[in-house]
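Next come the chains, spelled out residue by residue.
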Amino acid sequence: MTELVALTVPSHPKFLYLVRNVVYPLAVNSGFSKKEARKIVLAVDEACSNIIKYAYAGDATKTISITVTNETDHISVRLIDLGRKVDAAKIAPRELDDVRPGGLGTHFMGAVFDSVVYDTGQDQGTVLTLLKKKKIVGPGA
Amino acid sequence: MNVDIVTEKIALGYLVKVKGDVDMNSSTEVREAFGQVFKQRSSAMKALVVDLSQVRYMDSSGIATLVEALQTCMKQGLQLRLADLSPPVKDVFELARLASVFEIYISLNDAMAER
Numbered sequence: 001m002t003e004l005v006a007l008t009v010p011s012h013p014k015f016l017y018l019v020r021n022v023v024y025p026l027a028v029n030s031g032f033s034k035k036e037a038r039k040i041v042l043a044v045d046e047a048c049s050n051i052i053k054y055a056y057a058g059d060a061t062k063t064i065s066i067t068v069t070n071e072t073d074h075i076s077v078r079l080i081d082l083g084r085k086v087d088a089a090k091i092a093p094r095e096l097d098d099v100r101p102g103g104l105g106t107h108f109m110g111a112v113f114d115s116v117v118y119d120t121g122q123d124q125g126t127v128l129t130l131l132k133k134k135k136i137v138g139p140g141a
Numbered sequence: 001m002n003v004d005i006v007t008e009k010i011a012l013g014y015l016v017k018v019k020g021d022v023d024m025n026s027s028t029e030v031r032e033a034f035g036q037v038f039k040q041r042s043s044a045m046k047a048l049v050v051d052l053s054q055v056r057y058m059d060s061s062g063i064a065t066l067v068e069a070l071q072t073c074m075k076q077g078l079q080l081r082l083a084d085l086s087p088p089v090k091d092v093f094e095l096a097r098l099a100s101v102f103e104i105y106i107s108l109n110d111a112m113a114e115r
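Chain order of the listed sequences is P and R. Using this note's numbering, you'd call the opening residue of the first sequence number 1 and step up by one each time. Using this note's numbering, you'd call the opening residue of the second sequence number 1 and step up by one each time.
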């Protein structure tokens, strides 16, 4: 059965805690361990931070719409912004050996989720879809 | 959710205790606390100890703040000692593969010991 939770927050960093407090219990209730759920929260938080920083260039008067969908075999998180479109070709996680401040958000998203897809096919903004498969444990496990 | 920061003078130099969420909204406050320590430092200071046991959440901006502090410490000939990482901090360090970059201590007592 598909379960869907939707949330829209202003594009101000002070609302990031709200996103985290919604996503964490949803991830745990979807069957992920607390550690996995914390990492899912981190990756979603980083996606929101990137929207605030890059799509909206710090404009706190815009909105971010987040939809969390719990399916039998995976959880997906869709983030919609109406800001500057992402240039997916330019997004690349930096080398971790290059120890310097910044540039880790994209790495976290790729490390935590099985799929990270940017869709800029709309008139405005970007739809980012993050998908993580559940580990199916067989009856004999 | 805010972050609470307490700075104390200790034998080694300074102890900064961080409590709460260190994210895009609050990492500036942590950066400012470190900045104050670097401003007030005396020649006798050996280390900046950061207690991370009460950090409920840390994102990449928190990591960036710690990396900046590490770079400043290295320039000034100081040690940056991170103590008692909470599980969320351990998660983000694991994802960023930073455990070998920082001096990490299992407890605050261990981090504050002279060596």
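For the record, the hints were derived by calculation from the structure and aren't laboratory data. Quick reminder that beta carbons are idealized off the backbone N, C-alpha and C, glycines included. Keep in mind that the hints are not guaranteed to be accurate.
Said to hold, decoys possible - Derived DSSO-like pairs: lysine-lysine, alpha-carbon spacing no greater than 30 Å straight-line:
{"hint": "1", "chain 1": "R", "residue 1": "K19", "chain 2": "R", "residue 2": "K9"}
{"hint": "2", "chain 1": "P", "residue 1": "K135", "chain 2": "P", "residue 2": "K62"}
{"hint": "3", "chain 1": "P", "residue 1": "K35", "chain 2": "R", "residue 2": "K9"}
{"hint": "4", "chain 1": "P", "residue 1": "K34", "chain 2": "P", "residue 2": "K14"}
{"hint": "5", "chain 1": "R", "residue 1": "K19", "chain 2": "P", "residue 2": "K135"}
{"hint": "6", "chain 1": "R", "residue 1": "K9", "chain 2": "P", "residue 2": "K53"}
Claimed, not checked - To spell it out: a stretch of chain P is covered by chain R in this simulated footprint if at least three of its residues, at any positions, have a beta carbon under 8 Å from a beta carbon of chain R; those stretches are:
{"hint": "7", "segment": "71–81"}
{"hint": "8", "segment": "113–126"}
What the hints assert, rightly or not - Take a look, some chain R residues computed to stay more than 12 Å from chain P by CB distance:
{"hint": "9", "residue": "A11"}
{"hint": "10", "residue": "T28"}
{"hint": "11", "residue": "Q36"}
{"hint": "12", "residue": "K39"}
{"hint": "13", "residue": "A44"}
{"hint": "14", "residue": "M58"}
{"hint": "15", "residue": "S60"}
{"hint": "16", "residue": "S61"}
{"hint": "17", "residue": "V67"}
{"hint": "18", "residue": "D84"}
{"hint": "19", "residue": "K90"}
{"hint": "20", "residue": "E94"}
{"hint": "21", "residue": "R97"}
{"hint": "22", "residue": "L98"}
{"hint": "23", "residue": "L108"}
{"hint": "24", "residue": "M112"}
Hint-by-hint comparison with the structure:
1. Distance hint between K19/R and K9/R is fulfilled; the C-alpha atoms sit about 18 Å from each other, no more than 30 Å.
2. Straight-line distance between C-alpha atoms of K135/P and K62/P comes to about 36 Å, which puts the hinted pair past the 30 Å bound.
3. Using a Cα cut-off of 30 Å, the hinted pair K35/P and K9/R is violated, with the two alpha carbons roughly 34 Å apart.
4. At roughly 24 Å between alpha-carbon atoms, K34/P and K14/P fall within 30 Å of each other, so this suggested pair holds.
5. Proximity of K19/R to K135/P is assessed by CA-CA distance (about 33 Å); at most 30 Å being required, the pair is judged violated.
6. Our distance criterion of 30 Å between C-alpha atoms is broken by K9/R and K53/P, whose separation comes to about 36 Å.
7. Counting residues of the segment 71–81 of chain P whose C-beta sits closer than 8 Å to any C-beta of chain R gives 0, which falls short of three, so the coverage hint is violated.
8. Taking a C-beta to C-beta cut-off of 8 Å, the segment 113–126 of chain P contributes 0 residues in contact with chain R, too few for the three needed, and the coverage statement is violated.
9. Distance check for A11/R against chain P: the nearest CB is about 29 Å away, which clears 12 Å, and the non-interface claim stands.
10. Not every CB of chain P is more than 12 Å from the CB of T28/R (nearest about 10 Å), against its label as outside the interface.
11. Non-interface call for Q36/R relative to chain P: holds, since the shortest CB-CB distance, roughly 19 Å, exceeds 12 Å.
12. Distance check for K39/R against chain P: the nearest CB is about 20 Å away, which clears 12 Å, and the non-interface claim stands.
13. Separation of A44/R from chain P is adequate, the least Cβ-Cβ distance of about 28 Å exceeding the 12 Å criterion.
14. M58/R, annotated as away from the interface, has a beta carbon of chain P within 12 Å; the closest lies near 8 Å.
15. A cut-off of 12 Å between C-beta atoms contradicts the statement that S60/R is not in contact with chain P; the least separation is 4 Å.
16. Separation of S61/R from chain P is inadequate, the least Cβ-Cβ distance of about 7 Å not exceeding the 12 Å criterion.
17. Not every C-beta of chain P lies more than 12 Å from that of V67/R, the closest at about 5 Å, which undercuts listing it as non-interface.
18. Annotated as non-interface, D84/R keeps its C-beta farther than 12 Å from every C-beta of chain P; the closest such distance is 17 Å.
19. With a minimum CB-CB distance of about 9 Å to chain P, K90/R fails to clear the 12 Å threshold, and the non-interface call is violated.
20. Not every C-beta of chain P lies more than 12 Å from that of E94/R, the closest at about 9 Å, which undercuts listing it as non-interface.
21. R97/R, annotated as away from the interface, has a beta carbon of chain P within 12 Å; the closest lies near 5 Å.
22. Remark: the non-interface label on L98/R conflicts with the geometry, its nearest Cβ contact in chain P lying 7 Å away (cut-off 12 Å).
23. The beta carbon of L108/R sits about 22 Å from the closest Cβ of chain P, which is more than 12 Å, so the claim that it is off the interface holds.
24. Listed as a non-interface residue, M112/R keeps its Cβ farther than 12 Å from every Cβ of chain P; the least gap is roughly 25 Å.
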